[in-house]
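> Single-letter residue listing:
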Amino acid sequence: MFGQTKLLRLVQPQQQQSCGMATLKAISIRLKSVKNIQKITQSMKMVSAAKYARAERELRQARPYGEGSQQFYEKSEVAPLEDAKPEKLLIAVTSDRGLCGAVHTTVSRAIRNELNEDSENTKVICVGDKSRAILQRLYGKNIIMVANEVGRKPPTFKDASKIAQETSKHNFTTGKIVYNRFKSVVSYTTSEIPLFSVAAIEAAPKLGVYDSLDSEVIQSYIEFSLASLLYYAMKEGACSEQSSRMTAMDNASKNAGEMIDKLTLTFNRTRQAVITRELIEIISGASAL
Amino acid sequence: MASIGRSVRSASRLLSAARLTATSSRTYADQMSFTLAAANQVFYANQSVKQVDVPSFSGSFGILADHVPTLAVLKPGVITVYEDDGKVKKVFVSSGTVTINEDSSVQVLAEEAHPVENLDLSAAKEALSSAQNSLASAKDDKERAEAAIEVETAEAVVQAISG
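Chain order of the listed sequences is A and B. Letter by letter, the first sequence follows residues 1 to 289 in my numbering. Letter by letter, the second sequence follows residues 1001 to 1163 in my numbering.
Please note that the accuracy of each hint is not assured.
Said to hold, decoys possible - Calculated lysine-lysine pairs in the DSS-like style (CA-CA distance at most 25 Å, straight line): (1) Lys1142/B <-> Lys169/A; (2) Lys25/A <-> Lys262/A; (3) Lys1075/B <-> Lys1142/B; (4) Lys158/A <-> Lys1139/B; (5) Lys1139/B <-> Lys162/A; (6) Lys45/A <-> Lys35/A; (7) Lys1125/B <-> Lys1090/B; (8) Lys75/A <-> Lys1050/B; (9) Lys1075/B <-> Lys1087/B; (10) Lys1142/B <-> Lys158/A; (11) Lys1050/B <-> Lys1089/B; (12) Lys176/A <-> Lys162/A; (13) Lys1075/B <-> Lys158/A; (14) Lys85/A <-> Lys141/A; (15) Lys1142/B <-> Lys162/A; (16) Lys1075/B <-> Lys162/A; (17) Lys141/A <-> Lys123/A; (18) Lys158/A <-> Lys1125/B; (19) Lys1075/B <-> Lys169/A.
Unchecked claim - Covered, in the sense of this in silico footprint (three residues per stretch, anywhere, with C-beta under 8 Å from a C-beta of chain A), are these stretches of chain B: (20) 1037–1044; (21) 1066–1075.
Just so you know, the hints here were simulated from the structure itself, not pulled from any lab data. Please read all numbers here as calculations on a predicted model, not as lab measurements. The beta-carbon is built from N, C-alpha and C at its ideal position, and this holds for glycine as well.
The shape of chain A in the complex, shown without the other chains:
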C-alpha cells in the first residue's frame, strides 16, 4: 500500500507534464474517428437515397396492385369466423438491415402487443432477421418461420410467393400482415392487412352475389392473393425502410458535424494551452538563471 502511493508520487510530476500532450493526442484521435464516421454516414445516406428513389418508383407500380388485391376482401365483407378455434397468424414484414430509425421496432412492437394479449394461439412469421432478433427473446416459441436475406435487394414477386407458399402450409383462422406503409420521405405508419382462412371467406355475407364459384377457384384465388398482398407489403416496407434510413443517416451526419465542431474547438484550445504553458516554462526557466 505504502509502496504504491510512493510510486504514484514519483510518477505524478512526469504525468502532469505530458498530460496536456496526451489529451491533445486523444482529442485528435477522437476527432479523426468522428470525421470517419461522418464520412461513412454520409455515403450511407447517398446509397440509401439512390435505393429509395428506386424503391419509390417501384412502389408506385405496386400500389394499384396491392389495393386491387384488397378490394375483394373489403367488398365481400369477409369477417373472421367467431366460433372457430382462435388460431392467429402474424406476419412481420421487416428486413435484415438496421440503422434505419424505428421501422423494425414499430412492426415488432405491434406484434408484441398482440402476443401480450394472447400468446397461446398466436404464431409469428418473421420476414427479415430484425423482427426475429427483437421477438426471439420473449416469444421465441411463437416464431414458426423466419425469412432471411431480406433487404439487400429490392423484394421480388418470387420472394413473396415463396413466403406465401410456406405460409399456406400452416393453418390459421385469422391473420395479419404487419408492415410499414410509406407516406412520404419523412413519415410512415405501421399498418395491417387482414388475412382470412378459406372457411371464413366461404362464410362471407356477400359471397352469394359472386357467380359460379367453386372451392377450387377460391383456394387458388386465396393462394395467389396472399402472394400479391405479401409482395405489396414488402414493397411498402422496403420503401419506408430506405426513406427512414436516409433520414437517420442525415441526422447522424448532422450530429457528427456538431461533434466535430465542438472537438475542433477543444482541440485548438488545448493546443493553445499547451503552447502557453511551454512558453511559461521556458521564460520562467530563463529568468531563474
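Starting from the known structure of chain A, fit chain B onto it as the hints suggest.
Chain B only, in chain A's frame:
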C-alpha cells in the same frame, strides 16, 4: 371470336338482371372501373374501358360494365382490352386472378404481364423447346409439374404472338 360473341350475349343477358339491383346500390351506370396490374407494371388503374376479354381456367370470357360479380383464376394467355375510344390493347399474362365486384369494378392482377408486341417469337420458341426438354427429363412429380407449367406458358406465348 366466337367465345367473345357468346360472352357478350351472356353478359347482356346478365346486364338486364344486374340493372335491377343497380338502382338500389350505388353504382356508376355503364361504367367499369378497370384495374390491370402486374408485379412488374401497371397498365390500367381504375380506368373506364368498354370491354375486357380474359383467359381463365374455367374458360375465356368477356367482361362488360355491370357484369355479374365473380372470381376467376387466370390462365396463361392474352387479355384483350377494348378502350372507350375504340383502341384495342393486347397484354400477355402468365397467371393471376380476376375479381369482378358488385359495384362494377374489375381487378385483373397478374404475376407478370407484357404487351404482346414486346414478345419475341424466336425467343418464345426457344423457351418452348427447352421447356419440353425439361418435361421429358423430369425425374419426380414436382419437377414434372413445374415443367408442365413451363410448357403451357411457353405454348401460350407462342400462340399469342402468332395468333
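> Determine for every hint whether it applies to the structure shown.
Tested hints:
1. Restraint check: the Cα-Cα separation between Lys1142/B and Lys169/A comes to about 16 Å, which is no more than 25 Å; the hinted pair holds.
2. Proposed proximity of Lys25/A and Lys262/A is supported: the alpha carbons are some 16 Å apart, at most 25 Å.
3. Restraint check: the Cα-Cα separation between Lys1075/B and Lys1142/B comes to about 20 Å, which is no more than 25 Å; the hinted pair holds.
4. For the hint pairing Lys158/A with Lys1139/B, the CA-to-CA distance comes to about 23 Å; that is within 25 Å, so the pair holds.
5. For the proposed pair Lys1139/B and Lys162/A, the alpha carbon gap of about 22 Å is at most 25 Å, so the pair holds.
6. For the hint linking Lys45/A to Lys35/A, the alpha-carbon distance of about 15 Å falls within 25 Å, and the restraint holds.
7. A hinted pair counts as satisfied when its Cα atoms are at most 25 Å apart, and Lys1125/B with Lys1090/B qualifies at roughly 20 Å.
8. The hinted pair formed by Lys75/A and Lys1050/B meets the criterion: a straight-line CA distance of about 22 Å does not exceed 25 Å.
9. Between Lys1075/B and Lys1087/B the alpha-carbon distance is near 24 Å, which keeps this suggested pair within the 25 Å criterion.
10. Taking the CA atoms of Lys1142/B and Lys158/A, the gap is near 18 Å; set against the 25 Å cutoff, the hint holds.
11. In summary, the hint linking Lys1050/B to Lys1089/B is supported, as the alpha carbons are separated by about 12 Å, within the 25 Å threshold.
12. As the CA atoms of Lys176/A and Lys162/A are separated by approximately 18 Å, the hinted pair is consistent with the 25 Å bound.
13. This hinted pair checks out: Lys1075/B and Lys158/A have alpha carbons roughly 18 Å apart, not beyond 25 Å.
14. For the given pair, Lys85/A sits about 19 Å from Lys141/A by alpha-carbon distance, which is consistent with the 25 Å threshold.
15. Restraint check for Lys1142/B and Lys162/A: the C-alpha separation of about 15 Å stays at or below 25 Å, so the hint holds.
16. Taken as a hint, the Lys1075/B and Lys162/A pair is honoured in the structure, with Cα atoms around 20 Å apart against an allowance of 25 Å.
17. Taking the CA atoms of Lys141/A and Lys123/A, the gap is near 9 Å; set against the 25 Å cutoff, the hint holds.
18. As the CA atoms of Lys158/A and Lys1125/B are separated by approximately 24 Å, the hinted pair is consistent with the 25 Å bound.
19. About 24 Å separates the Cα atoms of Lys1075/B and Lys169/A, which keeps this hinted pair within 25 Å; it holds.
20. Given a C-beta distance limit of less than 8 Å, the hint that chain A covers the stretch 1037–1044 of chain B holds, as 6 residues qualify and 3 suffice.
21. Only residues whose beta carbon comes within less than 8 Å of a beta carbon in chain A count, and the stretch 1066–1075 of chain B has 6; three or more means the coverage holds.
Comparing the model with each earlier hint shows no violations; every hint is respected.
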